[in-house]
Amino acid sequence: KAGVTQTPRYLIKTRGQQVTLSCSPISGHRSVSWYQQTPGQGLQFLFEYFSETQRNKGNFPGRFSGRQFSNSRSEMNVSTLELGDSALYLCASSWGDRPSSYNSPLHFGNGTRLTVT
Amino acid sequence: KQEVTQIPAALSVPEGENLVLNCSFTDSAIYNLQWFRQDPGKGLTSLLLIQSSQREQTSGRLNASLDKSSGRSTLYIAASQPGDSATYLCAVAGGADGLTFGKGTHLIIQP
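Chains D and P, in that order, are what the protein sequence lines are.
According to this note's numbering, the first sequence is numbered sequentially starting from 94.
According to this note's numbering, the second sequence is numbered sequentially starting from 78.
None of these hints come from the bench; they were simulated from the model.
Given the structure is predicted, the values throughout are model-derived calculations rather than measurements.
Be aware that one or more of the hints could be misleading.
No farther apart than 30 angstroms at their CA atoms in a straight line, the calculated lysine-lysine pairs in the BS3-like style are these [claimed, not checked]:
id : chain 1 : residue 1 : chain 2 : residue 2
1  : D       : Lys106    : P       : Lys78
2  : P       : Lys119    : D       : Lys150
3  : P       : Lys180    : D       : Lys106
4  : P       : Lys119    : P       : Lys78
5  : P       : Lys180    : P       : Lys78
6  : P       : Lys145    : P       : Lys78
7  : D       : Lys150    : D       : Lys106
8  : D       : Lys150    : P       : Lys78
9  : P       : Lys119    : P       : Lys180
10 : P       : Lys145    : D       : Lys150
11 : P       : Lys180    : P       : Lys145
12 : D       : Lys106    : P       : Lys119
Start from the sequences and build out the full structure, keeping to the hints where you can.
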């Protein structure tokens, strides 16, 4: 069974640009959540989706947005990039309808490394 | 706001030793607690998930315990091997904010 797939693996962007990251969950998983990982802040929750609906959103500015498609694939978008947005962005999927609440373990992809210059 | 702390931040031990990693959290109203490992440049691999009603979970050489009332969890690794070298992360699920992660314990097992 294929794992969570994130594309691209690496991205280099300049300040002010926008970026779109993609995540394909494990087949059959309908929940997708996104996390930002930085050396200083560690892993921080961005948002989670189930059946194309955003269930929860973390404490990030409106420049960070996401969506989920009918096939459960998800994208996140960051507009007007800032240097501080440089991070590893991780996507996770789970079988349950509340990935952070119930008893389904999260399965993470290998992430997209975003560098903003 | 939930806060998760992991102690120690880094640990280096010789191969074969048994070791304990610690995790504490401030709000005991959790649904579950998960332990993950992360290898350099990679995503997270789920090791164990303990439901809030459970006291422990075991998988191979790994055993995780949960004391929800005191806000503590431990991950016990038996007979450590060099392949266990990684960063170990503890995360709690409390509902509206996704998972709240600790900063991790960076573990090195010396051959």
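Check whether the Cα positions of D:Lys106 and P:Lys78 lie no farther apart than 30 angstroms. The hint is violated at about 33 angstroms.
Taking 30 angstroms as the top limit, are the C-alpha atoms of P:Lys145 and P:Lys78 close enough? Satisfied, since the Cα-Cα distance of roughly 16 angstroms is no more than 30 angstroms.
D:Lys106 paired with P:Lys119 [C-alpha distance capped at 30 angstroms]: holds, 21 angstroms
If you draw a straight line from the CA of P:Lys180 to the CA of P:Lys78, is it 30 angstroms or shorter? Status holds; Cα separation ~16 angstroms.
Does P:Lys78 lie within 30 angstroms of D:Lys150 when you go C-alpha to C-alpha? Cα-Cα ~15 angstroms, so holds.
Does the structure keep P:Lys119 and D:Lys150 at a Cα separation of 30 angstroms or less? holds, 24 angstroms
Check whether the Cα positions of P:Lys180 and D:Lys106 lie no farther apart than 30 angstroms. Judged against 30 angstroms, a Cα distance of about 27 angstroms means the pair holds.
Is the hinted pair P:Lys145 and D:Lys150 satisfied, with a Cα-Cα distance of at most 30 angstroms? Cα-Cα ~25 angstroms, so holds.
Is the Cα-Cα distance between P:Lys180 and P:Lys145 30 angstroms or less? Holds: P:Lys180 and P:Lys145 sit about 20 angstroms apart, inside 30 angstroms.
Pair hint outcome, P:Lys119 versus P:Lys78 [Cα-Cα no greater than 30 angstroms]: With Cα atoms ~28 angstroms apart, P:Lys119 and P:Lys78 stay inside 30 angstroms; holds.
Pair hint outcome, P:Lys119 versus P:Lys180 [Cα-Cα no greater than 30 angstroms]: holds, 16 angstroms
Between the alpha carbons of D:Lys150 and D:Lys106, is the straight-line distance 30 angstroms or under? Given that 30 angstroms is the threshold and the Cα spacing comes to 24 angstroms, the pair holds.
Consistency note: the structure conflicts with earlier hint 1 alone.
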